[in-house]
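With the hints as a guide, dock the two chains, each given alone in a separate frame, to form the complex.
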Amino acid sequence: MTKILTKHFDEPKLHELETYRRLGGYEALKKALGMERKALQEEVVKSNLRGLGGAGFPVGFKWSTVPPEDKVPGPRYVVVNCDESEPGCFKDRVLVTRAPHQLLEGLLIASYVVGSKDSFIFIRGEYQNQYDILEKAVAEAKAAGLLGDVNIHLMRGAGAYISGLDTALLETMEGKKAWPRQPPPFPTVAGLMGKPTVVNNVETLSMLPFIVREGGEAFAKIGSAKNGGTVLFSISGHVEKEGVYEVPMGTKLRDVLALAGGVKGGKKLKAVIPGGTSMPPLLEKDLDVALDFDAIKAAGTMLGAGGMIVLDETVDAVEVAHNIERFLTHESCGQCTPCREGSNWSERILERMLEGKGEKGDTENLARVGENITGKVICALGDTVGMVTRAWTSKFPDDFKKRVPNNG
Amino acid sequence: MSKVDLKSPFTPEQEKVLLGWTKKYPYTNLGLIEALRSVQDWHRMITPEAASRVADIFSLPFNHVWGVATFFPTFTRWKTGEKRVGVCHGLSCYLKGSDKAEKCLEKTLGVPKKQATPDGKLSWETMECLGACEQAPALLVNDRLVGPATEEAIAKLKDLK
Numbered sequence: 148m149t150k151i152l153t154k155h156f157d158e159p160k161l162h163e164l165e166t167y168r169r170l171g172g173y174e175a176l177k178k179a180l181g182m183e184r185k186a187l188q189e190e191v192v193k194s195n196l197r198g199l200g201g202a203g204f205p206v207g208f209k210w211s212t213v214p215p216e217d218k219v220p221g222p223r224y225v226v227v228n229c230d231e232s233e234p235g236c237f238k239d240r241v242l243v244t245r246a247p248h249q250l251l252e253g254l255l256i257a258s259y260v261v262g263s264k265d266s267f268i269f270i271r272g273e274y275q276n277q278y279d280i281l282e283k284a285v286a287e288a289k290a291a292g293l294l295g296d297v298n299i300h301l302m303r304g305a306g307a308y309i310s311g312l313d314t315a316l317l318e319t320m321e322g323k324k325a326w327p328r329q330p331p332p333f334p335t336v337a338g339l340m341g342k343p344t345v346v347n348n349v350e351t352l353s354m355l356p357f358i359v360r361e362g363g364e365a366f367a368k369i370g371s372a373k374n375g376g377t378v379l380f381s382i383s384g385h386v387e388k389e390g391v392y393e394v395p396m397g398t399k400l401r402d403v404l405a406l407a408g409g410v411k412g413g414k415k416l417k418a419v420i421p422g423g424t425s426m427p428p429l430l431e432k433d434l435d436v437a438l439d440f441d442a443i444k445a446a447g448t449m450l451g452a453g454g455m456i457v458l459d460e461t462v463d464a465v466e467v468a469h470n471i472e473r474f475l476t477h478e479s480c481g482q483c484t485p486c487r488e489g490s491n492w493s494e495r496i497l498e499r500m501l502e503g504k505g506e507k508g509d510t511e512n513l514a515r516v517g518e519n520i521t522g523k524v525i526c527a528l529g530d531t532v533g534m535v536t537r538a539w540t541s542k543f544p545d546d547f548k549k550r551v552p553n554n555g
Numbered sequence: 016m017s018k019v020d021l022k023s024p025f026t027p028e029q030e031k032v033l034l035g036w037t038k039k040y041p042y043t044n045l046g047l048i049e050a051l052r053s054v055q056d057w058h059r060m061i062t063p064e065a066a067s068r069v070a071d072i073f074s075l076p077f078n079h080v081w082g083v084a085t086f087f088p089t090f091t092r093w094k095t096g097e098k099r100v101g102v103c104h105g106l107s108c109y110l111k112g113s114d115k116a117e118k119c120l121e122k123t124l125g126v127p128k129k130q131a132t133p134d135g136k137l138s139w140e141t142m143e144c145l146g147a148c149e150q151a152p153a154l155l156v157n158d159r160l161v162g163p164a165t166e167e168a169i170a171k172l173k174d175l176k
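So the sequences go chain by chain: A and B.
The first sequence begins at 148 in my numbering and counts up one residue at a time.
The second sequence begins at 16 in my numbering and counts up one residue at a time.
The reader is advised that the hints may include incorrect statements.
Label-pair restraints from in silico Cβ distances [said to hold, decoys possible]:
id, chain 1, residue 1, chain 2, residue 2, range
1, B, Ser23, A, Gly341, 27 to 35 Å
2, A, Glu321, B, Met60, 39 to 47 Å
3, A, Gly341, B, Trp57, 28 to 36 Å
4, B, Thr85, A, Asp463, 34 to 42 Å
5, B, Val32, A, Phe156, 53 to 61 Å
6, A, Arg495, B, Trp81, 43 to 51 Å
7, B, Thr43, A, Leu180, 29 to 37 Å
When the alpha-carbon atoms are kept at most 20 Å apart in a straight line, the in silico SDA-like pairs for lysine to any residue are as follows [as the list claims (entries may be wrong)]:
id, chain 1, residue 1, chain 2, residue 2
8, B, Lys39, A, Leu301
9, B, Lys98, A, Asp279
10, B, Lys38, A, Glu282
11, A, Lys324, B, Gly112
12, A, Lys324, B, Lys98
13, A, Lys388, B, Gly112
14, A, Lys193, A, Lys368
Just so you know, these hints were derived from the structure itself, not from any lab.
If you're wondering where the values come from, they're calculated on a predicted model, not measured in any experiment.
Here a beta-carbon is modelled for each residue, glycine too, at the ideal position from N, C-alpha and C.
This is chain B alone, in the form it adopts within the complex (with noise of 0.2 Å):
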C-alpha cells in the first residue's frame, strides 16, 4: 500500500490548514515548520504517521520531514498537555531560582517534567533561554509568557484546567 492510501491523521479542516500553509509563502517549502507547529498544537506531538502525511503535502520524502521534526525542541515525541508550561533554566533564570521551579512545578502539578497530568490538561518542561531574563526564572505556557515563575504563579497554573 503506498502511502497516499494510509488514512490520514488529520480532520478534513486540518488538512486545509496544512495545504494553507504550502501555499503562505513565495515558496512551498517555507510553510513546513508552521505546518508542522500546527500538528504539535492539534495532536500535542509529531508522530511518524503525522510527519509521513505532512510529507505527501508538501511533497517531500518523509525522511526530511521527520529530519525537521526531530530537531526542533517544539516539536515533541511525547504527548504534551493541552497547556505546556516551560520554565527557563538559562543563566539569569538559574541565579534567580529555576531549580526550585523546577521542584515547585513538579510538586504542584503533580508529575515529572516532559509528562502530562492524568486529565492529559497540564505538562511542564525545562526550556532553554526564553527571552525575558528580566522576569527570572521565566514562564511560558503555550508559547506565551507569562511573568516569572513564582509559587503564586505555579501555583495558578491548575486554574488554567
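Looking at chain A on its own, in the form it has when it is part of the complex (with noise of 0.2 Å):
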C-alpha cells in the first residue's frame, strides 16, 4: 500500500537530520526555494491535500485566502498545529517522535509560500518528550543552515482541548484563555496578533515535501476524487494490533480495520469511531464505507483527525456516551452557555441512567438538550455535544431503554 509519511519509518535514526537527509530529506525544500511562491501554492491546490487536523479544508484554499503583501503590508505567521487531545487521536505524536524533520521541512516549504520569517509550532504541554524531540530537530536544522530567515518558535500549551482548535490556538499563544473567536475574519486574514495567520496540522505540512518532489498531480492520484495522497488513521480500542497506520484517501474501513488486525479476541463488532470521540460511530453494515472527507461524511460521520477508536459487542453505548460527554463537559471553555451549560445536562442524565437511576423521557430530554446547543454556539465542540448523544441513542436504543426502568 502506497505510504508517504511512514515510508521511512523502519529506519532506526530517522529522527535525526543525518538519516532523513541521506532518505532524500530537505531535497523538496531546495526545490520549492528555486520555485515561484504562486507556482508552490498551484501544485498544492492540484495535490487536492485536505486539512488533516480534523476540518479537512482545501490546504491550497486556505493558502490562497492569505491576503497578499502589497494590500496587508506587514508580517504573516505559519503555525503548526500539534495539539491533538481527542481521545483517540494520536499520530501527531507519533509523527513528531518518527519524524521531525519531515514536518520542519513541511513548515519551512509552507513559511516560504506564505512569506513567514516567524513561524511556530504549538505542542500540547503533555508531549514533553516530542517537545524536547522537536527542539533538537530546530537545533540540527539551523546548524545546518537549513531554516534560512525563518525562525521557529516552540511553544507547548496548558492542557486544554480546545486549544486545537485554530482560533483558539491563537488566543492560547496570544496568553489569553483558549476562548475560540467567532470567524470572521478567519486566521489567514487576521489571526495571531491580528495578523494574516495559517495554521495547519502536522500530519498536514508533513505531506508537503511530497507534494513538491513528486507534483501535486501525483499526490492526487494517490487519493480520491478531491481527497488527495494518503491518511494516517491511530487505531485503538478492542483491536489485536493498536497503531498508527497510513492507507490512500478513500481505503474502505474493512481494509483499515483489517490492517490493525480486526477486533481483539475474534469478538464482534459492535461500533467503530472513526474520527475522534465526537465523530458519531460506524456499525458492521458500514465497513465498506470510503474513508475520505466526502464519503464518510455521506455515511453520516467525519473523518475527523483520524482518531479511530474501536468497540466489541461488550461495550454498553450508554457507558460510551458518558464517557464521551464527561469531556465534553470537562473541557467546555463555558464561553458559549448553550455549550457550558448543556454538556453538562448532558453527563448529569446519562450518569443517572448508569446508576440506574434512569427517568422516562430521558432519551428524548438529552436529544433535546442537544438540539438546543448545535448551531448556537461559536466552535464545534458545542455542535459535537448534541451530536454525540443523537449518534449514540439513534444508534443504539435498546442500550438505552435498558437504563431507563419501565420505560418499555
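So this is what it looks like as C-alpha cells:
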C-alpha cells in the first residue's frame, strides 16, 4: 500500500538530520525555494490536499486566502497545530517522534509560500518528550543552515482540548484563555496578533515535501476524488494491533480494520468511531464505507483527525456516551452558555442512567438538550455535544432503554 | 501599598527566567503560558501572589493572568507533588481499565487524587486524553508519557521518590 509519511519509519534513526537527508530529506525544500511562491501554491491546490487536523479544508485554497503583501503589508505567520487531544487521536505524536524533520521541511515550505519569517510549533504540554525531539531537530536544521531567514519558535500548551481549535489556539498563544473566536475574519486574514496566519496540522504539513518533490497531480492520483494522497489513522480500543496506519484516502473501513488485525479476541464488532470520540460511530453494516472526507460524510459521520476507536460487542453505548460527554463537559471553555450548561446536563442525565436512576423521557431529554446546543454556539465543540448523544441514542436504542426502568 | 512594592514570591534567578519569557517571542504576551508553566514547576501550584507578580512582569492586569491561570488544567490551585502523575480516562483508556488504574494509584500512593503524599514527593490525578491511546490506560509523569498504567508501572512510581 502506498506510503508517504511512514515510508521510512523502519529506519532506526529517522529522527536525526543525517538519516533524514540520506533518504532525500530537505531536497524538496531546495526545489521549493527555487520555485515561484504562486506556482508552489498551485501545486498544493492540484494535489487536493485536505487539512488533516479534523476540518478537512482544502489546504491550497486556505493558503490562497492570505491577503497579498501589497494589500496587507507586515508580518504573516505559519503555526503548526500539534495539540491533538481528542480521545482516539495520537498520530501527530508518532509523526513528531519518528520524523520531526519531515514536519520541519513542510513547515519551511509553507513558510516560504506564505512569507512567514516567524513560524511557530504549538505543541501540547503533555508531549514533553516530543517537545525535546522537536527542539533538537530545530537546532540541527538551524546549524545546517536549512532554516534560512525563518525563525522557528516552539511553544507549549497548558492542557486544554479547546486549544487545538485554530482560533482558540491563537488565543492561547497570545496568553489568553482559550476562547474560540467568532469568524470572520478567519485566521488567514487576521490571526496571531491580528496578522495573517496559516494554521496547519502536523500531518498536513508533513505531506508537503512529497507534493513538492513529486508534483501535486502525483499526490492527487494516490487518493480519491477531491481527497488527495494518504491519511493516517491512529487505531485503539478493541483491536489486535493498536497503532498508526497509513492508507490512501478512500480506503475502505474494512481494509483499515484488517491492518490493525481486526476486533480483538475474535469478538463481534459493535461500533467504530472513525475520527475521534466526537464523531458519530459506524456499524458492522458500514464496513465498506470509503474513508475520505466526502464519502464518510455521506455515511453520516466524519473523518475528523483519524482517531479511530474500535468497540466490541461487550461495550455498553450508555457508558460510551457518558465517557464522551464527561470529556466534553470538562473541556467546554464556558464561553457559550448552551455548551457550558448543555454538556453538563447531558453528562448528568447519562450518569443518572448509569446509576440505575434513569427516568422516563431521559433519552428524549438528551436529544432536546443536544438540539438546543447545535448551531447556537461559536465552535465545533458545542455542536459535538448534541451530535454524540443523538448518534449513540439513535444507533443503540436498546442499550438506552435498558437504563430507564419501565420505559418500555 | 502598591503591588510592585510587594515582596516577590520568586528568587532572583526565577525573576530572570520570567523576564526571559517576555522576550523570547516576537510579542511579549506570547510568553505568558510558558511563564506560568515555569511558576507551576517551581511552586507546584499558582497562587494569587505569584500570578500578581507575573502580571507585573508582563504589564498585564492581575485579573487577566488569574483568568488564564484558572482556565488551563495544567495550572493548579492545589499543591501537586514534585512528581505529578496523571492517568488518562479518555474513552480508549476507559475501555482498557483506567478505573482500575485510578484505584491502584490511590492504594499505592496512599493519598486520594489531587493530594500530594505527606512528604510532598508524589501526587496523582485523572487527566483528559493524553494522546497515547495505544498505550491505554496512559500514564504521565511530569508531562512525560511513560506507557500503560499497569500495576507494575504504578508500583515503580514510588521509586521516583
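> Honestly, which of those hints from before does the structure not fit?
Replying inline: 2, 5, 6, 11, 12
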